[in-house]
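Novice: Start from chain A and add chain B according to the hints.
So the sequence lines, in the order shown, correspond to chains A and B.
Yeah, the first sequence ends on 237 if you go by the numbering used here, and it's all consecutive.
Yeah, the second sequence ends on 1760 if you go by the numbering used here, and it's all consecutive.
To be clear, the hints were calculated from the coordinates, so they are not data collected in a lab.
Fair warning: this is a prediction, and the values are worked out from it, not measured in the lab.
Don't be surprised by glycine CBs; every beta carbon is placed ideally from N, CA and C.
Derived DEER-like restraints, expressed as beta-carbon distance ranges:
1) Gly-72(A) with Val-1381(B): 47 to 53 Å
2) Leu-1262(B) with Ala-80(A): 56 to 62 Å
3) Gly-203(A) with Val-1381(B): 35 to 41 Å
4) Arg-141(A) with Ile-1247(B): 53 to 59 Å
5) Arg-1753(B) with Gly-72(A): 19 to 25 Å
6) Glu-78(A) with Arg-1753(B): 23 to 29 Å
7) Gly-153(A) with Val-1381(B): 21 to 27 Å
8) Ala-1231(B) with Arg-216(A): 46 to 52 Å
9) Thr-31(A) with Arg-1387(B): 41 to 47 Å
10) Leu-1262(B) with Thr-31(A): 49 to 55 Å
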Amino acid sequence: MTAFPSSVLALESTAPAVLAASGLVKRFGQTEALRGVDFSLARGEVVAVMGPSGSGKSTLLHCLAGILPPDGGSVTFEGARIDDLGEGDRSRLRRTAFGFVFQFGQLVPELSALENVSLPLLLNGVRRSVAEAAAAEWFPRLGLDGMERRRPGEMSGGQSQRVAVARALVTEPSVIFADEPTGALDTIAGEQVMELLTSAAAGQNTSVLLVTHEARVAAFAEREIVVRDGRVSGSDR
Amino acid sequence: MTLSEVRLGVRLAVADGRRSAIAFGLTALAVAIGTAVLLFAVSFMPALEERDGRSAWRQPVQIEDPSQARLSMASFEDAYDGQTLVRVFLAPLTADAPVPPGLSKLPGLGEAYVSPALADLLARTPADELAPRFGSVVGTIGPEGLRSPGELIAVMGVDPAQLGGWANPIVGFRTEPAPHNLPPIALLILVLAVVGALVPVAVFVATATRLAATRREQRLAALRLIGATPAQVARLAVVEALLYTGIGAPAGILVFALTRPLVAQIPLDGGTWWPETIAPPLGEALALMLVVQVVGALAALAGMRRLSLSPLGVQRRVTPPQPSALRLVPTFAGLVSLIVSVNVFRGPDIVPLVFVGASFAAIIIGIAFAGPWLTALVGRVLGRIARGPSALLAGRRLADDPRGSFGSIAGVIMAVFVASAFFTFAAYATIHAGDFHAPTRPNVVQALPYNAASAEVMAARLSSVKGVQSVLGIRDVGLVASSGDSMQAWVVPCESLLAEMAMPEASCGSARIHTILPPGRALASSYEVVSYDSRFEELVRLDFPVDPATVAPLVPDATSVEGLPDVIIDPIAFGDAAAQLPVTRLYVTTDGAAATSERVRAAVQTMDVTATVSLADTKVSSVPQFAEVARIVGLGLIGSLLLAGCSLAVATMTGLLERRREYTFLRAAGMPVARLRALVLLQAGVPLVVVSGFSALLGVVVAQVILRIWSASASAAEVPMPDPSLALVLGVSLAVAMAVVVATLPAVDGLTRPTSLRSE
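One chain only, chain A, in its complex shape (with noise of 0.2 Å):
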């Protein structure tokens, strides 16, 4: 069991939250995944999620984004309460406000990696051509110069979590949840990523909430809190 220095705990950013909990609970049927959960995200701020597996990280991440409804405890986005929205309410959230990076496997086969940066824009309606050239934008700016015809089979992973990088981006999200984001990637290729994605969500002052059991990726993080046993049992930085 990690241990953290009480002096240097801080459980909640002093920034003004833009995404928020508050005694959040989730079960799992005879399970308590999370068990009164109080965290906050200041915009534009990144923050690491970190702990052994089954601790409930990517249950809170999930509860965060409005993916899992929990069992209790409250999420406000931007102040409003978002916990208590119906399906269709929350995917329009996760549509508009959100980005999603997952682990692998986000892409869609068939889709060109143009298609693939440009489907989130589709999904609100934006018309393709436009949405098509906001897309192409990225490229330049993840290295992915030359790639935007190319089949997710066609690329490597790190180039393939870059395009799903820029398909969290390109709808200039409140806040990006990543959910192990590197880690199918190897050493390298993992910190390009984590570099590229921290850095172009500054560049638009999103939030950037990055679960991992990584340091080295944590250390991405502004800030890192420590889940375990369904509390978060420490925070850093």
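Specialist: Then chain B, alone, in the frame of chain A:
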């Protein structure tokens, strides 16, 4: 194959819980429906033979020595209110005259036995419209004497003299049916309909067993990875396929048994069926069960080929090679072959039918071959024009795996092609069906009494029938020139005749002789006029000089007129001699009510049992079974599309499972489930509609090509577009197929729910 392999194969097949159950249920259902359709197909000929056997007694057996005859019989096909009605007349010649099947004894003079359906109709019909045609009804005919449960037939006792030239002397009734004498075009269409129904079923059975391949491949690939040999893996795949067909095929027998009473209600060749007569021969049924298993096993083995090459079972998605446009070549080759063979071999011989049939088959196979190319094209176009994510994803999925997408609908496409070609033929047959009838006004009934002596009396009596406005007597005669050239003529006042006709282009003027002759043919200077009775015995012979000054054409263009003789002669041209010519044809003008027409028919046949009566809308079709075959083709199409719906549903759900992870991520990122449902519908519906439309168009074009070439040498030059009911049948069929796909949509939500990410 060892028992442990069988056990492992079964365990693998059911290992996936609910998902297995859904795929298994749909696949087994498709196999069951396909098996049931094939069982009906092999039951068809035995059922037809059974039916023909029941009615064989009505076909007289020719005898060499008339003195041995024990019974005189004649059979007439007639109608009531548009329904076919058979009247069989029996006149015993000896005391031991035979009794036909279904009757306890021969009807006496003026008595009749009627079928249960006719008895029911008589009870519901006003007495003066139908009952007088049969005399006194003394009993009903048993099933052994009927072709079908709903057949309208009466067996009546008459005096031998009443039958005139129609009498057939017989010793006993025929027990073996005469061979079916279908016209070549009907034969061709029936063969095409059967092939068109069987090929899709075979494709569906193969497709259905292949559909679960994605899940199977993942499991079996894992076995390959731990050292299973390709042969072992293939055997496991066969076990799994046999599980589907092993349950689906017997379930098909159940579907067959449950739907047989409904299928028995479908009329074909003049009637519905007794359900118990629709039964496949045991040997053929057993062979069919075996064939379904073999087809399933072969399809499973075919699906294993890729897996054997790639034990990891994971294929990275790169831009796949697209089907070549060369796939269109067989279709065009079939079209060219068809045009050449129809042009080269015209006529009723069997040779052209073989060539035409082969070309037709080549086109059908060509469509199946070209299908993936067309599906890929549809996918590329859809992907290019898509504005939303659903259409974009559907288009890309189709373009990526056109063979997989087309596999589910291949059978449908062939069924659509055959149906659209058939409906075009049917429309042609329908519009030319009445060509042999004179163009009378709708309210004119034609009666042809075969007893010439009774015609005058009949005309007088018909004038008093309720609703009859006038009766025109016509004398049919032959004109024989000294050169031997002969023509047909009607002796009737021109103005009176035209009053009965719907011929605005015709005019009488002052001429007494009106010709309806094609260009290049003219009247001779004199003829002998000959009149015959119903036994074609000569009654009257008169000299008839033709005065050219009294001759004029009846219409400007005689080639457009059907059903009239070569010449219309005013009785005045014969002077007093006209009275010697017997009236042979009556045109009865009515008030237009259907009941009046039936009263006229009843009155005519009461006076002369052998007289035929035809209404203005009575059509003489060269292919009388067209309407019924059209119904069968239509039902076959709907059935095919129902099967395709099952195949499509399983295929799209399998595709969804393949992309479950990606789609779940998309939903987590905010994609509404409605967009995913739209994706499933587009992926299934767009190729179905587009490729069906292509097949329908090709079917119409092919039929039009055949008919245009054929009709160019015939008088019936007009080639119509297919009957509008084609659009209805196609629409209903597509709706049925899509309804099956829609029924699977609720599963989309469950399979891609973002909450499942925690278990990924």
